[in-house]
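Note that the protein sequences, when read in sequence, are chains E and W. For the first sequence, the working numbering gives the first residue as 25, with consecutive numbering after it. For the second sequence, the working numbering gives the first residue as 360, with consecutive numbering after it.
In short, the hints are calculated from the structure, not lab data. Be a bit skeptical, because a hint or two may be false.
What the hints assert, rightly or not - With a straight-line cut-off of 27 Å between C-alpha atoms, the simulated DSS-like cross-links for lysine-lysine are:
1) E:K83 - E:K35
2) E:K88 - W:K388
3) E:K78 - W:K437
4) E:K88 - E:K35
5) E:K31 - E:K78
6) W:K437 - E:K35
7) W:K388 - E:K83
8) W:K388 - E:K35
9) E:K88 - E:K31
For clarity, every value in this text was computed on a predicted model and none was experimentally measured.
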Amino acid sequence: MTTTIIKTTTKILAPLILVFGSYIILHGHLTPGGGFQGGAVFASGLALLIVANKYDAVKSLFEKAPLSVFESIGALGFLGMACLGFAGYTFFKNIIANSGFPLFGGKTPTGINPGYLNTGGTLPYMNIFVGIKVLAGLTSIVLVFFLIMRRERDEW
Amino acid sequence: MNFMEFFWILQVLIGIGLLVSAIVAIRFKNLIMAVIAMAVFSLILSLEFYVLQAPDVAIAEAGVGAGLTTAMYLLAIKNTTDEEVIE
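Please take these sequences and the hints and turn them into a complete structure.
In structure tokens:
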């Protein structure tokens, strides 16, 4: 499947898709979308990269990428952020919001506003962890489909 | 043309597009063309979700339905054969 058309299209489109997926994950508490949607978009960009490259290059690249570790980090980080709420409150209590913490801890303005990225408390952290988990899981599915390929000739 | 007329015309067009792409996906004998028809179905369905004011679901449908499942189907077809086999 590594024809010139697919290679050129991938060169132009893949960075845009990866940046758009990261944008959806990071702005999950402001705009439509969130961890799952951004992770799915990011994983479709990685799937495009996997499909457009040769078997050996993909295999040597993803032998170094710890996808299962990413998935475990996603699940454990999500639960850890939820357990932060035990500091005097309940499970999933948002204790970082409006607390003045330098990352995502800013004061939320009231009324109509353009949406400030430095707000939201634990929600952006949870979006990032869910995004990491989803992109690792979906990418590993496509990767398994690609790596068990028996015929390595370029037929179409 | 006010907003409601535009809304209903868009609904009818999306319904016709969904029906046509679904029938085409079943009828095609070449499996690669059927998979592309399913991707088109997924894209039109995500447009319908967006029109019905559910942009979350629209993004998920476009990413998973049009991107990932198409890549998975294409890889699976490349591993086997791209013609429908009737026993």
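Can you list which hints this structure breaks, lowest number first? Checked against the structure, the hints that fail are numbers 2, 7, 8, while the rest are satisfied.
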